Structures are given as C-alpha cells and as structure tokens.
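Residue numbers (our numbering), protein chains in the order written: chain A, 1085 to 1342; chain B, 4 to 263.
Note that these hints are calculated values from the structure, not bench results.
Model, not experiment: these values are computed from the prediction.
Cβ atoms here follow ideal geometry from the backbone N, Cα and C, with glycine treated the same way.
One thing to keep in mind: the hints can contain errors.
As the list claims (entries may be wrong) - Chain A side only, calculated, beta carbon under 8 Å to chain B, not exhaustive:
no.: 1; residue: 1102
no.: 2; residue: 1108
no.: 3; residue: 1281
no.: 4; residue: 1285
no.: 5; residue: 1319
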Amino acid sequence: MSTASADGYRGRAHTESVLVLVLLLGLWWLASHQQWVSKVFLPTPEATLESLTQGLSSGELAGFTLDTVVRMLLGWLLASAIGVALGALIGASSTARIWIAPTLEFLRPLPASAVMPLAISLFGLSSGMVLSVVAFGAMWPVLLATVHGLAAVHVRLREVATALQLSRTAFVFKIGLPNAMPDILSGMRLSMTVSLIVAVVGEMIASQSGLGQAILLAARSFRASELFAGIMLLGSIGFASNALLAVLEKKLLKWQRP
Amino acid sequence: MGLPHLLRPWVFPAVLLGLLEVAARWMVPGSDALAPPSQTVLAFGRALTAQGDDSVLQATAFTLTSAALGLLLGAALGLGLGIVLGLSRRAAAMGFLSIEVLRPVPSVALIPLAMLVFGFGYRMEVSVVAFATFWPLLILTQAAVRQVEPQLLEVARALGLSPWARTTQIVLPAMVPRLFIALRLGVSIALVVAVTVEIAANPSGMGYAMMIAQQSLAPDLMLAWLFWIGVVGYVINLATLRLQRAVAQRMGEINMEQTP
Chain A
1085 MSTASADGYR
1095 GRAHTESVLV
1105 LVLLLGLWWL
1115 ASHQQWVSKV
1125 FLPTPEATLE
1135 SLTQGLSSGE
1145 LAGFTLDTVV
1155 RMLLGWLLAS
1165 AIGVALGALI
1175 GASSTARIWI
1185 APTLEFLRPL
1195 PASAVMPLAI
1205 SLFGLSSGMV
1215 LSVVAFGAMW
1225 PVLLATVHGL
1235 AAVHVRLREV
1245 ATALQLSRTA
1255 FVFKIGLPNA
1265 MPDILSGMRL
1275 SMTVSLIVAV
1285 VGEMIASQSG
1295 LGQAILLAAR
1305 SFRASELFAG
1315 IMLLGSIGFA
1325 SNALLAVLEK
1335 KLLKWQRP
Chain B
4 MGLPHLLRPW
14 VFPAVLLGLL
24 EVAARWMVPG
34 SDALAPPSQT
44 VLAFGRALTA
54 QGDDSVLQAT
64 AFTLTSAALG
74 LLLGAALGLG
84 LGIVLGLSRR
94 AAAMGFLSIE
104 VLRPVPSVAL
114 IPLAMLVFGF
124 GYRMEVSVVA
134 FATFWPLLIL
144 TQAAVRQVEP
154 QLLEVARALG
164 LSPWARTTQI
174 VLPAMVPRLF
184 IALRLGVSIA
194 LVVAVTVEIA
204 ANPSGMGYAM
214 MIAQQSLAPD
224 LMLAWLFWIG
234 VVGYVINLAT
244 LRLQRAVAQR
254 MGEINMEQTP
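Only chain A is shown next, with the shape it has when bound in the complex (with noise of 0.2 Å):
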C-alpha cells in the first residue's frame, strides 16, 4: 500500500487530518458559544487555553502534572524492575509456572484499583501508598509477559544451552531475557498506561498533590474551564509517554529484524 500511495496523496491525506481535528475545535467553540451544552459542563476552547496557560505559567498547574508524571515514571519503573525479576524467577522454571501461574491468572483480571481500599488500611493515605497501588497495578502487564516469554524460547535454543551446559541463571540472561524482550517492552508499554491511570486514581482518592486531585477539585468547585485543562495534560502525558516508549521499542528491537 506505501508504495501505491503517492507523496502527493499524503500530503493531501495530512491536510484532511488536520482540517477534521480544526473542525472539531470548531465545533466546540460553537458549542460552547451557541450554549447548545450548559457552560457548566462545557468551556469555551478561549477559556480552558486561559486556564491552561495561566495555569501553566503561575506554576500550579505544572507543579501537579510534574507530581503525576513523576509518580507515574517511579511505579512504572518499580512495576517494570518487580515485574521482571518476579517473572524471570516464575517463568525459568517450568516447576514454578505450573503451581504458580494458576494464581496468576486469577489475579490477573483484578482490578488495580481495588486493591487500593487494602492499600489505605495498610500503608495510610500516603503517597507512598499510591505508589505501591500504582507498582502493584502496573507489574501484571510485564510480570505475565516475562513469563509467557520465558516458557515460549525455542526448543533449539533450549537444546543449545543444554549443549553448552548453559546454568540456569546463565540461561535466564543470555537467552531468556534476550527472548523475551518483545514481549516485556509490550507489557511495559501497557504497564506505563497503567500507571497512569492509577496515580490519577489515587491521587483523587487519597488526595496527594497532582492532576487527579486537581482535576476532581475543579469538577467540585464547578470550574470546568480548569478541569477540561487537567484533562488535556492528562492526555498529554499519555501520548507522550506512548509516542516515547514507542521510539524506545524501535531502538531497543532493532537488533531483533534482519
């Protein structure tokens, strides 16, 4: 299909892109001006561009999404290092992924979030709570991918370190990792959506500073302009944090294609 698509085409195909994204702006400001939604719920796109620079600039705004973002980073990076070695640890031996993985896979399916009550009792409504929700809700992803990458290196490759009296921890670094790598970026990549998701719910719970707690701020206090804002950072972070571990997997994988 790439080649059948002319340069022309796409620079065409671009401009469209963009017109329907304008258009959609438009039809907000319309919306909003027209009153057709109440302008309780609904800004004007002039009024959350305010909030947002204002926001922004006074250093409140970017104070919070500089806490979610670092929360976020820090248990991802916690549920990524747990996850693998978790899963290195279940996945190198075929004994332990037989009486362990059933459990896995109830847990699996839980909520990250309702693990969150448990966390409050246990560890208080603290940011270091959150954290360990967020570590915890976000390991799953990578902890199951190391595991099914584990159990699926290539019986030649098995034979081959049986052949080279490979240890089990050799075997572990110099194939299995390596194996599963593919796979453990792409549950880190679900992971770090996870975690996103996660701070912000903590956040709102348990009221640590940061866009969750903001954003649930300005929806109690009716000021929609500034919640629509601590939404558009909100998903600022996720595409940025997509668009990055997405240029990461390409480089990290390159040694994978021929």
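Based on these hints, arrange chain B on the given structure of chain A.
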C-alpha cells in the same frame, strides 16, 4: 495421578491463605488492614444475606449493569466508526490525527467531568465505561475490517451491492471472530473501569461497598469484597474467553498473532 494434577493450582493460593490466617490471627491480631480468611468468609456470608445497599447481589448487579451498558454504548459507537474507517482509507487518514489526540486521555480523567455532568449514579459510570471501551473497540474493529479478504470485497463490488448491503452481508459476517476478540478485551476493560469509578467517586456498586468496608474499619468485609470482585472478574473473563473460542471454532480459526 489425576487428582494431584487437578489439585496443583490450588496449593499455592492455599499456602498464601494459610499464611495470612496465621499472620492475621496471631501476629497482628485486631489489625485494621488484615483479617484471617476464616473471618473473611463469615463476613462475606453475612453480606450475602444482608439487605439494602450492603447486599452483595445488589452491589454486584449495579456494577455489572453499568459495565454492560457502558460496553454496549462504547462498542456500538466504536464498531460503527471502526467499520467506516476500516472500509475507507481516506476516512481513516482524515480521522487519524483527531483519534491520536483524543485516545491517550486516560478514562479516569473523565470521572470528574462525568460527575459534573451526570451527578452520581448509573449515567456517570456508564459514560466513563463507554469512553474507555470505545477506543480499543474502534482500533480493533478498524483492523478487523482491514483483514477481511479483499476477494470478498471484490465479490461485493462485482455484485453491485450498496455500501450498506456490503457492510451487513459481507464485512460484518467476515469479521465476527475478530470482533469477539475485541469484545473480550472490552469486557475486561469495562469491568475494571466500572469498579474504578465506584472506588474513586460513584457511591454505588462493589467498589464503593469495598471503600465503605475499609472506612468502617472492617478488614474482614473489605477483604471479602476484594475476593468477590476478583471472583466476579475471573468468572466473567473466563466465560467471554470460552465464548470467543466457541465463536472462533464455528466461524473458522484466525491467526491470533495479528490481533493485539
């Protein structure tokens, strides 16, 4: 041989529960966070027979209804737009930027907005679930339409079918197996988001019941809810997996590698 094999998955959780029982009974008795599993079971039994808002059945029904309605709404919209974008490359290119801009907004960020617009209750929860399930359904439907055999579309064109007839008679039946994979994902997302909305804001359903148990310092009841939410999620996910596999078997196997 048969029996130990069947029992094996239960050993690890049994050991964990045993440890929790010992820890909660003798190491931190009277804790606000942990309760022995034996007491948790009793608390769950009491909640099962309770009436009103505490009732397990009522709370479960609320959560499941909200999740189902939200999924229905999100899936219908995602399916509709996904088919359009899947059939027309031009439409897909036009919508690309807007979708990329809107999709990364975390669904929970809409909880305050939904609260503002709808207040508490079904509607706010349904709207957030619908938003959360809309995007994956849209993307997967679009991909599913793209993977419909080109020959089938050529046949449709040769027969001179209208776009509507082409969609309902050729495209939709051809993508059913993939659609069920998307739906399975949608079901699990809907459940997670519904419980999350209840924990964060909406004062109804299983998530809220669990929050209340925590706030009233009833660790046994709280753990009972946590366990129950896990069981409900597991059973529903298992059921949708079975359904999806049955559909795939009837409608022809597909290459799982191609669908995320």
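State the violated hints by number, sorted upward, taking the hints as numbered earlier in the document.
-> Hints that this structure does not satisfy do not exist here, as all of them hold.
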